[in-house]
Amino acid sequence: MTEREAIGLFKCLADKSRLQILKSLALEDMYVERLAQRLDLTAATVSFHLKKLAQAGAVSSYKSQYYTMYALNRALFDTTILDILQEESEEADLQAQRDADYRQHVLDSFFQDGRLKSIPAQRKKERIVLQALAQQFDPQRIYPEQEVNLILSRYHDDFCTLRRDMVGEGLLERGPEGYWRTKQAE
Numbered sequence: 001m002t003e004r005e006a007i008g009l010f011k012c013l014a015d016k017s018r019l020q021i022l023k024s025l026a027l028e029d030m031y032v033e034r035l036a037q038r039l040d041l042t043a044a045t046v047s048f049h050l051k052k053l054a055q056a057g058a059v060s061s062y063k064s065q066y067y068t069m070y071a072l073n074r075a076l077f078d079t080t081i082l083d084i085l086q087e088e089s090e091e092a093d094l095q096a097q098r099d100a101d102y103r104q105h106v107l108d109s110f111f112q113d114g115r116l117k118s119i120p121a122q123r124k125k126e127r128i129v130l131q132a133l134a135q136q137f138d139p140q141r142i143y144p145e146q147e148v149n150l151i152l153s154r155y156h157d158d159f160c161t162l163r164r165d166m167v168g169e170g171l172l173e174r175g176p177e178g179y180w181r182t183k184q185a186e
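Those letters in the sequence shown? Residues 1 to 186, per the working numbering, in order.
One thing to keep in mind: the hints can contain errors.
Said to hold, decoys possible - Simulated restraints, written as ranges between beta carbons of each label pair:
#1 R4 with R98: 30 to 40 angstroms
#2 E147 with L76: 13 to 23 angstroms
#3 Q135 with A71: 50 to 60 angstroms
#4 S64 with R98: 32 to 42 angstroms
#5 L150 with A100: 26 to 36 angstroms
Stated by the list, open to error - Here are the simulated lysine to aspartate or glutamate pairs, EDC-like style, with alpha carbons at most 16 angstroms apart:
#6 K51 with D15
#7 K125 with D101
#8 K124 with D99
Worth flagging that the hints you see were computed from the coordinates, not collected in a lab.
Glycine is no exception: its CB is placed at the ideal position from the N, C-alpha and C atoms.
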């Protein structure tokens with residue numbers, strides 16, 4: 001389900017009469033006059049709501065003798081809210097560009113002439129800076145602590161804090177043999 005379809009469905013569901021129609025159709029397929037009588041609405045009102053529900057894909061219709069029967073589109077309602085939220089956004093590229101612009105803004109704010117001016121106080125900004133520093137480490141290599149310190153000291157004098165925070169953020173792992181860059185840092 002696309003975002004546009006989801007928005008249309010949610011708008012459609014935000015009406016008590018439409019919800020009552022859907023509840024009735026969940027029990028069995030019905031025609032306009034029967035729904036009108038059951039819900040104490042006029043046939044014109046029920047027809048109006050059915051048209052909106054059909055546009056949203058919530059109901060379908062078919063002919064049965066003299067009547068146009070309406071049925072609930074059960075497959076549509078098998079979709080969970082989580083499925084809709086995990087669907088790629090129509091604005092995914094725009095959001096990715098905004099993220100990249102923000103990331104670059106943070107890096108430009110904290111780095112000057114290739115050195116880190118200060119370690120950001122905000123965790124979100126610090127993580128961006130630490131991710132940039134993690135790119136200085138080869139993911140296929142294990143580094144002794146002295147070499148990690150040497151690499152980080154090129155960017156800031158407080159290399160101990162940077163090293164500790166990179167391990168804390170899961171960008172570097174530490175073991176008896178040394179330090180290595182994690183997959184999270186990629």
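We went through each hint and held it up to the structure:
no. : hint                               : verdict
1   : R4 with R98: 30 to 40 angstroms    : violated (21 angstroms)
2   : E147 with L76: 13 to 23 angstroms  : violated (58 angstroms)
3   : Q135 with A71: 50 to 60 angstroms  : holds (56 angstroms)
4   : S64 with R98: 32 to 42 angstroms   : violated (52 angstroms)
5   : L150 with A100: 26 to 36 angstroms : holds (30 angstroms)
6   : K51 with D15                       : holds (13 angstroms)
7   : K125 with D101                     : holds (13 angstroms)
8   : K124 with D99                      : holds (12 angstroms)
The structure shown violates the earlier hints numbered 1, 2, 4.
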